[in-house]
Amino acid sequence: MDEIIRGRRSRVEHAVLPSRITRLPEFVGGGNRFIQPSLGAGQHCGRQVHSGGRVGLRLRSEGAHFNQPFAFQNQAAGGVHAELRIENQERASLLTHSFIQPTRLSSLMREQERHAGNCGCQQQTHDRQFIRPTQFDPLPFDANAGTGANAQNRGLQPEDTRSPSKRTENVPALAGIDVGHHTPREVPTPTGSRARNTFHRTFGWVVLTLCAWIFAGCNGQEDESAISSDSMVQTTADMNPNSARNEGRDDALSEQASSFTFPDDWDRQHPILSPNAKVEAYLGSLAEKEIVFHPADGGGRAWLVAQTSIDTQWQASDWRRADGPSHREDPSPPVPVSTAQKIELVFEVGPLGIREGGILYVMPEPFWSWSEAQAETPYLVGYTTATARLADVELVPMVGGGIFRVEGRALEPGEQIDIVLGAGSMGTIVDEFAGREAEILVAVDADGDGTRRWIEKSARLHIGARAGTRIIALGPADVAPGSSIELNIAIVDERGNRALWPDHIREPNANDDRVDLRGDRRVASEFEIDVIQGPSLEMLGLNPRVELDGPAADAHRIRFTAPNTPDTIRLVIRGRGALADFESVVNPIVVRNSKTRLIWADLHGHTGLSDGTGTPEDYFRYAREIARLDAIALTDHDHWGVRPIDEFHEIADRILTTSERFHDPGRFVTIPGYEWTSWLHGHRHVLYFDEDVAQTPIYSSIDPATDRPDELWDALRGRNALTFAHHSAGEPVATNWFFPPDPLLEPLTEISSIHGMSEADDVPIPVAGAIPGNFVRDVLLRGARLGFIGSGDSHDGHPGLAKLAAGDQGGLAGIFTTSLDRKGLLGAMRARHTFATNGIRPWLSVSIDATAMGGGLAVSSTAPANHRLHIRYEATAPILRIDLIRSGRVALIDGDGALSLDFERIIPPLVPGDFHYVRIIQEGGGVAWSSPIFADRAELEIAPNAGSPDN
141 MDEIIRGRRS RVEHAVLPSR ITRLPEFVGG GNRFIQPSLG AGQHCGRQVH
191 SGGRVGLRLR SEGAHFNQPF AFQNQAAGGV HAELRIENQE RASLLTHSFI
241 QPTRLSSLMR EQERHAGNCG CQQQTHDRQF IRPTQFDPLP FDANAGTGAN
291 AQNRGLQPED TRSPSKRTEN VPALAGIDVG HHTPREVPTP TGSRARNTFH
341 RTFGWVVLTL CAWIFAGCNG QEDESAISSD SMVQTTADMN PNSARNEGRD
391 DALSEQASSF TFPDDWDRQH PILSPNAKVE AYLGSLAEKE IVFHPADGGG
441 RAWLVAQTSI DTQWQASDWR RADGPSHRED PSPPVPVSTA QKIELVFEVG
491 PLGIREGGIL YVMPEPFWSW SEAQAETPYL VGYTTATARL ADVELVPMVG
541 GGIFRVEGRA LEPGEQIDIV LGAGSMGTIV DEFAGREAEI LVAVDADGDG
591 TRRWIEKSAR LHIGARAGTR IIALGPADVA PGSSIELNIA IVDERGNRAL
641 WPDHIREPNA NDDRVDLRGD RRVASEFEID VIQGPSLEML GLNPRVELDG
691 PAADAHRIRF TAPNTPDTIR LVIRGRGALA DFESVVNPIV VRNSKTRLIW
741 ADLHGHTGLS DGTGTPEDYF RYAREIARLD AIALTDHDHW GVRPIDEFHE
791 IADRILTTSE RFHDPGRFVT IPGYEWTSWL HGHRHVLYFD EDVAQTPIYS
841 SIDPATDRPD ELWDALRGRN ALTFAHHSAG EPVATNWFFP PDPLLEPLTE
891 ISSIHGMSEA DDVPIPVAGA IPGNFVRDVL LRGARLGFIG SGDSHDGHPG
941 LAKLAAGDQG GLAGIFTTSL DRKGLLGAMR ARHTFATNGI RPWLSVSIDA
991 TAMGGGLAVS STAPANHRLH IRYEATAPIL RIDLIRSGRV ALIDGDGALS
1041 LDFERIIPPL VPGDFHYVRI IQEGGGVAWS SPIFADRAEL EIAPNAGSPD
1091 N
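Sequence positions in the sequence shown follow my numbering and run 141 to 1091.
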């Protein structure tokens, strides 16, 4: 070990660890610098493989990076056997060579034996807590400086975290994972190192080492040990991991294993990573690109032949394909969300066949709440069978999911396999979120070498909502006096799925769970309208009761006229008849004379084409017709999901084409984009504002030319594009602020989403796994200039209303724009004329003297003067508190439960470098933030942000 770690710069050239480590720790160099292997870290029992899309691979060597795990995954079991991390390095370092190995059939069989009798394990997460933080020096920012090489030359240092960073949802690249790492799921039951009290006293290592493999495994206990400096850790020059000389080598390793080598300057290119970077996810993505598939891998097609509800309550969704050609259109009716179903499909072998010993994988969409496929226990949920139609071949079930090995003979081209998902008495539970084209994934490993490829033509079904449980009434944010106003009234179920209207003649006490699934039937709905504050119904030309009819799947609309004088309209809509228990308070509608309009946007969300739910078409329809957004962006991941869009260009083309089809300037603006999913430096979504959609390239986060933020900005320079960092203070990966945000390309940052809030450590709901020192306010204090937006980061197909299924925590962007088109929105966002909310829709405007939020305020350093702060806020619930935040110092003002705030206050002089913004907290958890106003020296040229956006 001594030859591996020398002084303050550590480097691991290559390392291979056996699955079971029982040696005592080796402390090197004094202090707390040591290598710590963790046993059973994040292990799963029979967990399906979700990430990366390929099963049967082992990443033999990963990296050692500021507390980053050096992980080894065994794909057959979907678990992590051991990990190695190097702590307290002075700078980043990473191994130079890494290997991926096909896991041979013998290894799969050994995993069956190892997991025999343990299939009841339900461990779902990869949770760890680092022992100690990496200590960083303060990071200086120059707001006017560039990025790229210039940033490197300025000698920037990473920020000061000064507290442990928690990796609450680790993301192993090739191991089976619970998708909660990047989706708004409930907090999982603690597992791994969070399931016990973690302690790291020296005397504890000996005891833990002796007990490690007695208690490690599927019970969630993770005893930790370390490793001595013997032949298990050697430099690349001393050993070839594919060589028979490799002590502890897995029997499944192949001399022909794919491999990739890091460039010699990788360390220099990535001198500092995010404080909770997921290096294993990044390495897994690189490794997968090097896989050489058998020509028959991924061959074949599958189609749905029947769906049967296990519960008779939902028999309306039962369906069986009529006799005839399997490719003809015969759509199945939607099955209700979260119901138990028996799903039957046929798999037809591809033109190159499948060898004896080949493997077939069956898995429902992995990123949400489908029950997992399992082929071992008929009386448990998710039981899956695969049956050949000829007697001389058998599909033998294997441990680890819906995995079947071909025995008896090879499968010939065109042979058919009957697959039943939910074949047992419990059926299989479908997703909790509605969506078309829900996929039953089938993968083929035709030669049994452990590498699989997904078939392109797979079985899909339509998942629909349950009965509606709430109505949502929304109107525009503001309008001109005397203009026409249209309210949108939609109905959703308990998870926010777009539901169908019941007929108003139905008795209120009818069984609401029995859903009529025909969305095209016409229904009539009756509502009452009442005024909370503001103009009367008579002034608005509204009747107190209205009856509306239309297709059951469509939103209802109420039209009326704004008063001729400035005011704020506050209405409540109540249902009658079958909707008697339904009520919705409409967002405040401000009537004002202005050249600008406040619009609502959600600029960050995902569909089933990456790690979300539903189709792009349904995503845009929900945004327009249910959430009543004015602007929307679909930002599926560049390289995360079963079929990464940076490789599957037809998927990227579909997203872009759909976005253009829904684009309607002046009414509903779609903004093309994607998410740059860097597990090294933090996630950013990229938006394009040109009307020429050909100018929307995907610069991948795993392309060496654009895998750093400054390289991304260099690639985007000259384009009408913006980037937005998100969940920047915590999980799933925090922003690497070592790269200062580009002033032109990243003027805004997302501070609220389903993941929580990243503004500061005193927010009501901090982002999961929050890292002190990495919040946006910390970055402002170091000189960055960033305005604020919120956005949903929805994965449930509910843009604009992501908070409905996320405990009322989401995100929206309020934007003051002169025109509702891409050009107008780009100008408004570059000027930072924006504010953020956690999903609520208030009306907020803040100015200091004549400078609007987001602008630069000229102040004198020689003749300081007081300033006049003005706040106007129209709340969606009584105001609890107003926080005035000045360069990190917070002054609190009682909200007195008011719904409206028109507030002026004289504040002390600001000095150059100061910033000032407002945070307002409402009853019920609603929060809104104005973009900061930045104080500049009076003699400097001020950016053209002056002037209140409500003028």
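Just so you know, the hints here were simulated from the structure itself, not pulled from any lab data. This one's a predicted model, so the numbers in the text were calculated from it and none came from an experiment. Each residue gets a CB set at the ideal place from its N, CA and C atoms; glycine is no exception. Hints may be right or wrong, so weigh each one.
[What the hints assert, rightly or not] Restraint ranges, calculated between C-beta atoms of paired labels, are given here:
no., residue 1, residue 2, range
1, P844, P553, 35 to 45 Å
2, R807, E534, 25 to 35 Å
3, S1040, R807, 22 to 32 Å
4, Q673, E787, 19 to 29 Å
5, A845, L921, 27 to 37 Å
6, D1042, S1000, 27 to 37 Å
[To be verified] Derived lysine-lysine pairs resembling BS3-like cross-links, with alpha carbons at most 30 Å apart:
no., residue 1, residue 2
7, K735, K963
8, K429, K597
9, K735, K597
Consistency of the hints with the structure:
1. P844 and P553 have their C-beta atoms about 40 Å apart, which keeps the hinted 35 to 45 Å range intact.
2. The beta-carbon spacing between R807 and E534, approximately 59 Å, falls outside the hinted interval of 25 to 35 Å.
3. A C-beta distance of roughly 29 Å is found between S1040 and R807, which places it inside the suggested range of 22 to 32 Å.
4. Checked against the hint of 19 to 29 Å, the C-beta distance between Q673 and E787 comes to roughly 54 Å, which is inconsistent with it.
5. Range check, A845 to L921: about 33 Å between beta-carbon atoms, so the 27 to 37 Å window is met.
6. A beta carbon spacing of about 29 Å between D1042 and S1000 agrees with the range 27 to 37 Å that was offered as a hint.
7. As the CA atoms of K735 and K963 are separated by approximately 16 Å, the hinted pair is consistent with the 30 Å bound.
8. For the given pair, K429 sits about 22 Å from K597 by alpha-carbon distance, which is consistent with the 30 Å threshold.
9. With a C-alpha separation of about 51 Å, the suggested pairing of K735 with K597 is violated against the 30 Å cut-off.
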